[in-house]
Every structure is written in structure tokens, then in C-alpha cells.
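Protein chains: 4
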Amino acid sequence: MSKPLISALAKFVAATAGRNMTKAAYVAVAVGVVTMTLLTVDPTHEAAHHGASALLWACLAYFVFEWLVRLRHMASQQRLELYMLSSSGLVDAIGALAVPVALVLGVESKTAWLLSVLWVLKVIPGIPGLRQLRRVLVLESGPLLSVLVIFLMVVFLASVAEYFLERDVQPQTFGSVPSALWWAVVTLTTTGYGDVVPVTPLGRIVAALVMISGLGVFGLWTGILATGFAAETRRDNFLKTWETVSKVPFFAALGPSAIADVTHMLRTMDLPARTMIIRKGAQGDCMYFIASGEVEVDLPGKKVALGEGAFFGEMALLGNNVRGANVTTVKVSRLLVLDLVDFRVLMARHPDLAETIDAEAKRRALENK
Amino acid sequence: MSKPLISALAKFVAATAGRNMTKAAYVAVAVGVVTMTLLTVDPTHEAAHHGASALLWACLAYFVFEWLVRLRHMASQQRLELYMLSSSGLVDAIGALAVPVALVLGVESKTAWLLSVLWVLKVIPGIPGLRQLRRVLVLESGPLLSVLVIFLMVVFLASVAEYFLERDVQPQTFGSVPSALWWAVVTLTTTGYGDVVPVTPLGRIVAALVMISGLGVFGLWTGILATGFAAETRRDNFLKTWETVSKVPFFAALGPSAIADVTHMLRTMDLPARTMIIRKGAQGDCMYFIASGEVEVDLPGKKVALGEGAFFGEMALLGNNVRGANVTTVKVSRLLVLDLVDFRVLMARHPDLAETIDAEAKRRALENK
Amino acid sequence: MSKPLISALAKFVAATAGRNMTKAAYVAVAVGVVTMTLLTVDPTHEAAHHGASALLWACLAYFVFEWLVRLRHMASQQRLELYMLSSSGLVDAIGALAVPVALVLGVESKTAWLLSVLWVLKVIPGIPGLRQLRRVLVLESGPLLSVLVIFLMVVFLASVAEYFLERDVQPQTFGSVPSALWWAVVTLTTTGYGDVVPVTPLGRIVAALVMISGLGVFGLWTGILATGFAAETRRDNFLKTWETVSKVPFFAALGPSAIADVTHMLRTMDLPARTMIIRKGAQGDCMYFIASGEVEVDLPGKKVALGEGAFFGEMALLGNNVRGANVTTVKVSRLLVLDLVDFRVLMARHPDLAETIDAEAKRRALENK
Amino acid sequence: MSKPLISALAKFVAATAGRNMTKAAYVAVAVGVVTMTLLTVDPTHEAAHHGASALLWACLAYFVFEWLVRLRHMASQQRLELYMLSSSGLVDAIGALAVPVALVLGVESKTAWLLSVLWVLKVIPGIPGLRQLRRVLVLESGPLLSVLVIFLMVVFLASVAEYFLERDVQPQTFGSVPSALWWAVVTLTTTGYGDVVPVTPLGRIVAALVMISGLGVFGLWTGILATGFAAETRRDNFLKTWETVSKVPFFAALGPSAIADVTHMLRTMDLPARTMIIRKGAQGDCMYFIASGEVEVDLPGKKVALGEGAFFGEMALLGNNVRGANVTTVKVSRLLVLDLVDFRVLMARHPDLAETIDAEAKRRALENK
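Chains as they are written, first to last, in full-length UniProt numbering: chain D, 1 to 369; chain Y, 1 to 369; chain F, 1 to 369; chain L, 1 to 369.
Keep in mind that the hints are not guaranteed to be accurate.
As the list claims (entries may be wrong) - When the alpha-carbon atoms are kept at most 16 Å apart in a straight line, the in silico EDC-like pairs for lysine to aspartate or glutamate are as follows:
1) K110/L / D168/D
2) K331/D / E296/D
3) K240/L / D285/F
4) K110/Y / D168/F
5) K240/D / D285/L
6) K240/L / D270/L
7) K331/Y / E308/Y
8) K240/L / D339/F
9) K280/F / D352/L
Since the hints were made in silico from the structure, they are not lab data.
Small disclaimer: the values here were computed from a predicted structure and weren't measured.
Can you build the whole structure from these sequences, using the hints too?
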């Protein structure tokens, strides 16, 4: 490739070094993995095969290039080892090195390319809400672990029992404890392939017990995760909303306790530009506060622009709940949504807010006469 | 068909254009889909076959007719494109056009009629609580999505691993990554058909890990949905109840904060006419407020009618918890149910309410002496 | 049988007519069903077979007899039709009539006796917490139903799709939509027998989607039930505890609001006579109030009896949390358990209670010097 | 073995008699069970086989020895029968006696050694959070039991129905109710081996219903456990935190009600020595109180040590949420974590705390100028 092209590419990648994933990378991952997958199907004719390998090499090239640029970029900012130890740094390295290393080590090409499946790891840092999931797993690790231990104990006890009961009847499938272990795992997870199945009456009773404990393990597992998740969601939502709320002048007036209150009631919503938030004539059961960005209310005859700190849709909460006008975002905006439910409560607890909203509502009503 | 009949039918359908689904439509959907299903079973004799096709044509005719009438009806109200873009509009269109279009395009008749399965879509707009489900899915989409991504990553990594480990031993089943992918999905969802099963020790260890992550994915999924659902239910119930509560004079007296309180405690219940609400002699643990409609208390000797705003069953909450009389709805009624639990709390928080109920109770006791 | 025996038996049964199930009935059900089950296994020799039938006849006789006596008993109390329409009345009738009717109708004996499996229905009225489960199902029926509808729609759409995709490749398994429906249910419930499995690439993709929606259906289902159950448990526990609390003089002093508070914190516990509640030297994290019955504190040298309204184990919550003495129930007792957690909160909210408990604790400490 | 070695060993074991499990025991369990498992695989050559048995004997010897020492140790403390009846005492006994007894009773050696799988029971007392799980199961036993009963009823009714419908078509699989029972359990748990599958239309409809009830049972089960678990977690966390909180001088000032409040907001965290708690430059959303141990704040130029009762990381909650310095534990420490969420609420409810923290924060800011 010609120098300028490369440097241009380098600039582009460097520019994106901050973000976890570039669109380009996503495409490369998808293309790469799919190609690799198809390659393993017997190629109908040579050409297809060659095309595929070409694609794979291209993806690999992209990842290696991206990695190198990022390394240079980070080095230039003295954040090199920080990056190399970060999850995104590691997956970049793996994506770039796995296949080449395998090839260098003389692994047969067809096999080496299988490693390109590791490219999927590149999406990990980009997964939304992954942090949240991890926190739940960490906080609940104690009980989850004990469930796992119980799971393993049941597996071992059950498989030895089955081995003892079935080995003489069907030596080919229950001929050793390891095969019985395989059966136990397949059964306790209620997967039930049916490749190994007890046939003796006693063996079947043991199996039945294992299946029922399977449900139990499931239940515990889910129960634990559900509990942890509920707590985490509340926490996460609060954090996301807090900053925003305190920025909205409308709430700034309130004391910290009231703000904590309010924060528990609001939900943040990030919208791209030109998105319709409210459709005229639709049923409304929430109002909106503009934390950042700008929206446009499409009133008969004129268009009214509302900026940071303003609110709209309050009519829906003040008796008449059919939306009176279309409202659309003008630029990327962050809104705070207040549900009718919480609105009622809020109004009850903070009458002053109620008045402000009421007054504003009246003013608008007059204005739009 | 004769003109009058058609126009009559048209009127009927137009009248129902507002509602999502008419009984007739439900019947047509059921008949149509069942007939189509049976048609695919080798017909025992010609006659049956002919009857079936006749039925299918009839259903189709009904849907087309319904659709046309609705279109005209909507057009007459300038709500045409709104309707055509609404979910119910779309399913009406699909129900009416799918099969004919297929036939016109020259698809073999037997196959074309399979499209009549799309008629089941017509029930979607009529599903109760669907809105609620959708809201949960939307609000929790973030975490749900990340679980899905994790799911896919596990599927890909596992299937490549298995392909690598099993391809030589059982080339017919693990001969390519796509087949391995099939195995991975079947296993991770703990479906476990058993058509593709790893046999090598390493392959089985990988499989065991996949199954266990299967439980994990399940757990996360459920945990997320359970959390979202809990929140949604609370919200939904509040909205449904709020309007009603504020209409009951008995509560109207209370301030907004108290109303919010009360609303959280009440449960709305819609009953058809002539339904027995309370059976004499039964155990009672809740009282009722009449939001709309009318009920009849069947006292010894006389029948007392209670209308909007009245309450009954309070005796059960004031010490004597055996129902003293049968209570039946006279017309379609909406009741607000107050559980003993919440009654206690309510009374504690709003002694004034307690007195009102007490007084009324006493009055009635005397009266019914 | 001799007259006196019969009448004695009659008395016994009549005496138990109130209760849902007598021990005898449980035994009869167990014996009957097990015998019936074993009878279907080819009998090794005649004798066994005869013995079995004898047993079955005996069980049947018991159920018929029980039913007749109950009928007479209820008739004598003018509660006949109430009983006959009650769940327990219905299952009694079924238990008594199913088999005889079948035999009379000339059903082949071996088959007729299969109906004795209906005897298991007799345990229904005796299931603990069944009321609770039913309430959850009723209250959440809305969302549960919509999940079911979605389930069915997926089943229908998927099966027609699979039928279309697989019918030519494997006509014997996917030869008609009904067989495809069978596949769809087996798959969507993640049961996965493996008797019907798609083989075409497209068919497998559809199947994968079905499996994943399977997880979704699961998740929704569980989420809904979990939510409903949480609410129900709280409610149920409150109801069970409320009555008891208000009976304990110690709490009677409190106002209704405080009682509501307390009730939310206590847990009822019913114990048989001579049960050890507290073991000396064990770690303690809760205290007990005696709602009814009597307990015995086994102090060095003397035994102290505590009756209704008294409390014990409070030391554990006042600093020293090693139990100081064995405590055993003297007769059947109902205790209210107060956890350390809630104790702290309670003390904070109702300092007067704190003092009472403190004082009593001190008094005892001195006394036991 | 030479006397001194034995006595040394004895001392070691006795020393560990208090703890549930020693590392050595864990190793022995792992080695023993794995060896036993492998032994059942046909041994490639004699040597391996001999080595394995040697290992097993060694493990057994260890367990017997450990048990004897513990017995002596406990006897010396008059806690013998207490120990022998405790769960850990029982598993020790089983671990030591099972295999020998079997061998003595003349069970064929290969089979006798299978009992060494019981060694896995030795880990039970060591499982973290097992107490918690057990409490949940106990508290929710009522509903769980009723779900189980329902499960069994469905199993019985379904299997008899299937037996009746399928026995003539496939006598080899549905030839008796017991085999039908096997099918029912496999199906209701959604395991679905596929070894026994209904083929008649009616049989399949029954099966479909069973599968769907399977989902229901799952859902109920999980719902119950999730509910119980949520309650238990809250309780557990409170107990763990309470003691600690009341020890922190910073909170001691507060009244009991405030402490109860605070306790609900804090999370205990136990850390080994030399662990980095806060990394400079990271995002912070919580502050820490030192309940016990000591931490080191690594400020530019100097290192500041903070001891019991001190707090740090508060800056993150006072506006600037980028961590300003590394903080590491010096010795094993127990910290109380206060999330931003709860911090806000706490500050709102207890302004005095807010001031203390603010003041301290300012002081430090100046100091570190």
C-alpha cells in the first residue's frame, strides 16, 4: 500500500484508540469469524477457497495494524503497560498474535486459522452492561460458589452410584466412573442427550433424584442471580441518574435529601438527534426533563425549541393524558423520564415542585391559546 | 352473497373496527390454522380435503373482507396511514394478503396455504399484558443484550473447540464448524437432542463446561427479567389503580400523599354482572370499595344495593372475619380490593379513615339488627 | 365384618370428617397407587397378582366407606351440597366412584384399575401452602397467559417453517405440520428428545432461534412467578402473624401502627411438645415470644416454666450471644421469632419496648445469680 | 513411621481440629477421589494400577489418622459426643470408616474403594454460605414441598395416562407404569433423554402438557427460592455488618436508629495484607471505613497510615471522583464500603455525619497541599 494511505489509516485508528471498538473492527470480526466458519465446510471449488483465505488474511492484517498503531499511540502517552494489561489491550494482542504465532509454530494452516475465533473476544470490552453483570457475579460469588460445590458433589456421588448400578448391565456406556461423570453432568444440567441412559430400576431412581436436584440447582442459581441483579440495577440506575439530576436547575433548588428522593424516581434516556419522543395523539404517562441537548415542540403554526433544564410532557400528568404535540430531539440529548407513578409521589412529597410545574403548564397553555 | 347481507356484515365489522379483535376473528383464526394443520396430514378421502379447502377459503374471505371494511372505515376518519402503520393494521394486511399473493406468484397451492399460519399474528394486539412484557424487555434490553452476546461468544468458542477435538473421531457429525455450532446451541440451551454428542474425553469436558454456562445464562436471563418484571408490575398496578382511587369519594377527601399511599395498597378488580364476590360463611381477609357499577348485599329479609363509592366487607377487617352475607355484582363493576395487611397499615397511618369505616360499620350493624 | 366393628370405624371416620386427610387415607393412597403401579409389571407368579388385587380392593373399600360416612356426617349437619361441591368432596367422590363405575361400564379390569391413580388427587386438599400458590397463579394470570399465548404462537410459526424446510428431506418425521408441532413443543420447552431433529442448515437456524426463545419464555415465566410469589409471601406471613401478635400482652400495649410494624418483623413458628428450641452453648441471633403453649428453661439447679405472653432468648440480642440454657417446649406451642436484625430496628423505633426487655433481662440475671 | 514424626503429625492435626478443613485434607480428598475415578478406567499397565492403590491407601490412612487425633483431642476437652454428632464429626467418621468396613465385610476390593467417593462429603462443612442456603430451604420448605407434591402428582397422572395410550403401540418402552414413570420424570424435568418417547397423537398431546407444566414447576421453584434468598441475603449482610459498624467510633456517636440505618447501607469486605484497595486515577464511586486492620495511603512524597476507625476515599463522593492516590492494606483488614448511592441518602438523613466527613476531607486537602 502507498505511504499516504497507511498514515491516513494510522491516523484513523489512532483517533479511535480511545474507544473500545471501532465499527471497522466489528465488521472485521464478523467477516473473519464467518469466513473461518465457512472455510471448514468442504469448499465447493478452489476459487471460493482462495477468496476466503484472502479475506481472513485481510482481517488479520487489520487487527495487527490496529494493535500496532494503538501500541504506538499508548506508548506516546506513557500509558503503554496500563493498556497492555487492560482487558481491551489483551484481546487486541490475542487477536493480532494468535494466528501468526500458530502458523510460525508450524501448526497446519487449516487448524491455525481456527484460532481466528478468538477475535470474538474483541467485542467483550464493548458489551453494554457487562460491568454490571460482573459486579453481580463478584458480589454473589459466595453463594454461587457454594451452589457450584453442591453441584459437583451431587455429580460425583451420583456418578459413582450409577457406575456401581449399571456397569454390569451396560459396560460400554457405564464402564468407568468418568463415563458415569459424563452422564451425571448431562443429566444434572437437564441437557439429557440420551447417549448414556440408566436402564436398571435402581439406576433410574438415582437418575430421577439427580434430575430433581437439577431443578433445585437451577432454582438456587437463578434465585441468587435475580437477587443480586435487583440490587445492582437499583444502584446502577441511581449512579447514572444522580449526576444528571443535580445538573438540572429545576431540581438544583431542592435539598440533598429531596434530590436523593428524586433520583430514585427518574430514569435516564439517551437519544440520538431527530428522534420523535412524543407523538401527537398518543397516550402519555410520563414527563421529561432535558438534562442536555435540545428538543423541538411542534405546535400548530410555530415550532418551540426547549433547551437544557427545560421540561415537557407534564400535561399528561396534569389530568389530560393525550399528547398535544409532536416533540423531537434536535441534537443528541439526554432526558430524564418521570413516570406518572413517581410524579404523584413526588408532588405529594415536594409540593413546591408541583407548583412550579403547574405554573409553567398554565403559562404554556395561555401562550399556546 | 346478496347486497343487504354484505352491507350488514360491513356494518358489523366497521362497528368492531375500533376493537383489536372480534370474537368472529378469533374463531376464524382458530378454524383456519387448525384446518391448515390437518390438511398437511395425508387426507383420508377427497371429500374431507375439499371441505377443508372450502373452510380455508372462507376464513381468507373473512379476513380480506374485514381488512377492506376497516380500511374504508379508517379512510373515512382520516386515520388511514396511522392504521396501516399500527401493529393491528399490519397484521390485518398480512392476514389478508399473504396467501393470495403467494398464489398469484404461482406458488404451489399446498405450500401457499401454509402462509395462513400468519393469521395467528392477528391475536398479538389482543394479548393481555403484552404492553407490560414489551416494556420490561425494552427497559432491560441492555443487560439482556449483553447476556445474549456472551451466549453467542460461548457458542462460537465452544463449537470451534469441539470441532478441533472431535472432527477426526466423528467427521460425519463434527465435520465442520457449522455443525459444531448446531451442537453448541443445542447444548448451551440445555435442549440436548443427542444427535450430535462429543465422545472424546476432552470434548466431553468442554461440553460439560458449556452445559454449566448454560445454567448460568439461564440464571442471568431470568434474574434480569424477574427484576424488570417486579418493577413493571408495581408501576402498572399503580397506574391502573390511581385513576380509580381518585374517583372514589371515600378517598377523595385525603391529600395527594395519602392517595399515593392508598393507591399502593389497593388492587383493581373488574367483574362481570351477577358474579358472587363474597359467599356467606366464607373466611374474609379483605374489604372492597366500589369504583364503578353496583353490588347487592343479600341480607336476611331484604336486599341492599350499594353503588359507586360505597364499600363493603369491612367487617372482616374489624375483628369478626366470617362473611355475614352474600354479595353479588348487579352490573359490570370495578372494585378496589384492600387486603387485611394493608388495611392495618392504612388505619395506622390515617386514623380518620379508620373512624369513617368504623362508624359506617356500626351504623350497618345497628340497621341490620 | 361384625356390626360393632363397622360402627366403630364409622365413628372414627366421622370424627375425622372435618380434617382434609386422615393418616389412614394417606396410607391407603400410597398402598393403592404403588400396588396398581406394580400390577402393571408382568406378575412373576399368580399369588403375588392375587395379593395385589386384594390390596387394591381393600383400598377402594376404605375410600368408598370413608366417602359414605362423610356424606352421612355432612348430611346430618345440612352441609351436604356444600361438601359435595368442595374440592375435598369432589376428590372423595372420584376416589370412591372412578374404578367401580369403570368396572360396571364393562371396562377390562386391568384398565379399570388404572383409574385408581386418581386417588393421588385426595392429597390435594392436604398440600401445605397450596392456597398461596393458587393465589399467585390467579393474581399473575394476566402476564402468565400472555406468555402462554406467545409460547403457542412461536410453536405454530416455527413448526410450519420447519415443516416447509424439512418435509422433503425427512418426510417420515416432518411429514406433516402436527409432527412439526410435536418437534416445536419438545424444542421450545428445551426438552429435546432428539426423536425429531432438523437437518437442513435453514431448519437448524430456525431451531436455534426457537431454543433461544425457549430460554426467554422460561425467563419471563419465572420472573413473573417470582414477583408474584414475593408479594404473596409477605402478605401471607403478615396475616399468619397478625392475629398472634395482637394476642401477646407484651405488644398489646403498642398502638396499631407499632403493631403493624412489629408484625412485619416477626415470624410465627409452631412447635410440637418436648422440642428443644434453644441448645445451651449454641450461637443465638433471635429471641422468642410465646404466643400460646408453654416452655421450660433448664437453669442450673432449677427449671423455670414460661407461659403465654412471656419471652426468652433476649440475652442473645443484648450483647452476649451464646445461649445460656436449654429451652424446651412443654406442650404444643406457637412462638413468635424476632431476628437480631429486626430487633435492632424495633428497639430503635420503640425505645419503650427496649426498656421493658432490658428490665426483664436484668431481673432474670439477678434472679439466676 | 518413626514416633517423633507421628507425634508431630498428631500435633499438626490436633492444632487444626478446630477448623473444619485443613488444606491437607482438601488435597487428600481431591487426590483420593480422582485416583478412585481413574482406577475404574481399565488400567493401561500394572504399575499405574499399583501406584493408584498406594495413593488411595495413603489418603485413607490420613483420614483415619486425622479422625483418631480429633477424637482424642475432643475427648480431652469433654466435647467428644458433641463432635461425634456434629456434621463435621459425622463426615470425618464416614471418611475414615466407610472403605475399611466395606473391605472387612468382604466386599470385593474394586467395589469397596468406590466408597471413597464419600470423602467429598468432607468439604460440606467448609462450603461458604452453606448456612445461608440451608436457612432459605428451611424457611421456604412449605411452598417448596407443595411444589414437590404437585410435581409428583403430575408425574403419576401423566405416566398412567401415557401407559394407557402407548402400551399397545410400543410395549417394550411403555410396557408398564414404572417405565412410564421413568418417562414422566425425564420429561417433566425437561431432561428429555429420548430413550422413551410417545408416538401416538394423544400420547404426544399429554406429553406436551407435561413439558409445559415442567416449565411451570421450574418457575414456581425458582420464584420461591429467589424470594427466600433475597430476604436471607439482606438479613445475613445486616448481621455481618452490625457488629462491625457499632465498633467504628465514627458511627458510635449515632443513635441506635441511625446505626440500623447505616448498617443497611454498608457492605463488609475482608482483605488480606498488601492488597491495593484504590488505584490512583481510577473512577471511584464508594468510600471506605476501617473496621479493623490498617491501610497505607501513598501520597506524593510521603506515605500516610490510617488505622481502625479512620475512613478514606471520601473525595470520590464529594464531587471529584477520580482517585487521588493508591491505597493499600498493610495487614489483614476488614473494611466497610459505602456506595455513592447510599452516601447521598445517608448525608441527607444525617447531616452531622456529612459535616464530619466534609471537615476531615478539607483538613486533608490542606495538609496535602
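Status of the hints after comparison with the structure:
1. K110/L / D168/D: 14 Å, holds
2. K331/D / E296/D: Cα-Cα ~10 Å, so holds.
3. K240/L / D285/F: 11 Å, holds
4. K110/Y / D168/F: 14 Å, holds
5. K240/D / D285/L: Since the Cα atoms of K240/D and D285/L sit roughly 11 Å apart, the hinted pair holds (cutoff 16 Å).
6. K240/L / D270/L: 11 Å, holds
7. K331/Y / E308/Y: Between K331/Y and E308/Y the Cα gap is close to 11 Å, so the pair holds against 16 Å.
8. K240/L / D339/F: Between K240/L and D339/F the Cα gap is close to 13 Å, so the pair holds against 16 Å.
9. K280/F / D352/L: 43 Å, violated
Consistency with the previously given hints fails for number 9 only.
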